[in-house]
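Q: Knowing the structure of chain W, use the given hints to seat chain U on it.
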Amino acid sequence: EAGVAQSPRYKIIEKRQSVAFWCNPISGHATLYWYQQILGQGPKLLIQFQNNGVVDDSQLPKDRFSAERLKGVDSTLKIQPAKLEDSAVYLCASSLSYGYTFGSGTRLTVV
Amino acid sequence: GQQLNQSPQSMFIQEGEDVSMNCTSSSIFNTWLWYKQDPGEGPVLLIALYKAGELTSNGRLTAQFGITRKDSFLNISASIPSDVGIYFCAGLESSASKIIFGSGTRLSIRP
Numbered sequence: 001e002a003g004v005a006q007s008p009r010y011k012i013i014e015k016r017q018s019v020a021f022w023c024n025p026i027s028g029h030a031t032l033y034w035y036q037q038i039l040g041q042g043p044k045l046l047i048q049f050q051n052n053g054v055v056d057d058s059q060l061p062k063d064r065f066s067a068e069r070l071k072g073v074d075s076t077l078k079i080q081p082a083k084l085e086d087s088a089v090y091l092c093a094s095s096l097s098y099g100y101t102f103g104s105g106t107r108l109t110v111v
Numbered sequence: 001g002q003q004l005n006q007s008p009q010s011m012f013i014q015e016g017e018d019v020s021m022n023c024t025s026s027s028i029f030n031t032w033l034w035y036k037q038d039p040g041e042g043p044v045l046l047i048a049l050y051k052a053g054e055l056t057s058n059g060r061l062t063a064q065f066g067i068t069r070k071d072s073f074l075n076i077s078a079s080i081p082s083d084v085g086i087y088f089c090a091g092l093e094s095s096a097s098k099i100i101f102g103s104g105t106r107l108s109i110r111p
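Respectively, the protein sequence lines represent chains W and U.
Residue 77 in the numbering used here is what sits at position 77 of the first sequence, and the numbering runs on without skipping anything.
Residue 42 in the numbering used here is what sits at position 42 of the second sequence, and the numbering runs on without skipping anything.
Think of the hints as simulated: they come from the structure by calculation, not from any bench.
Values in this document were obtained by computation on a predicted structure and should not be read as measured data.
Possibly wrong hints are sitting among the right ones.
Unchecked claim - Lysine-lysine pairs mimicking DSS-like chemistry, simulated, CA-CA at most 30 Å apart:
1) Lys98(U) / Lys44(W)
2) Lys44(W) / Lys51(U)
3) Lys62(W) / Lys98(U)
4) Lys71(W) / Lys98(U)
5) Lys70(U) / Lys44(W)
6) Lys11(W) / Lys62(W)
7) Lys98(U) / Lys70(U)
8) Lys70(U) / Lys78(W)
9) Lys83(W) / Lys98(U)
10) Lys98(U) / Lys11(W)
What the hints assert, rightly or not - Coverage of chain U stretches by chain W, computed from C-beta distances (three or more under 8 Å per stretch; other residues unrestricted):
11) 14-21
12) 99-110
Ideal placement from N, C-alpha and C gives every residue a C-beta, glycine not left out.
Okay, chain W solo, but in the shape it has when bound:
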């Protein structure tokens, strides 16, 4: 089966600019997650979707981050405006039950 697709792989932006990441989960996976992984740390959950509804967004900095999952398939994560501390790898994952499948991530550098 095809894996979780993410794009772009890399993005460099200046602080205060906006950026968007895209994720296409494995077909049939109802649950989709966005994680932020800062260099040297484990992934931290930002938001969890079940189909097109938000299950958990308690760790999402809602003043600058937003995410949507229209039609319960693809998802986009947006940051506006970006700060230097947003530099990280943004991982998307999808699951049917336990043990997510992760995408390769988008590495964001904010300068």
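A: Quick look at chain U alone, frame taken from chain W:
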């Protein structure tokens, strides 16, 4: 929120040696997971543990779910160069399908 303490943070061993790393939590988890992450990629699931006391192997990898449900360990026998990477433990909260990650163990091997 819940935190997982993973140790050691890094290991630098000789090829052929056995490796051991562990993860502890102040809270109980119903499921423990072990992932490996290669540079530029998302984490890949190695082993999933669903029951306290469970011991599960996957090739040269063996992991155990602690009796107290607050810890887990991963052993790698006869390490080879392709074992290099970052290993993450992760726990599944009992009340949700959210996975919490440890901070990772970076494994390096001398040929």
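Q: Which hints from the list above does the structure break, by number from lowest to highest?
A: Checked against the structure, the hints that fail are numbers 8, 11, while the rest are satisfied.
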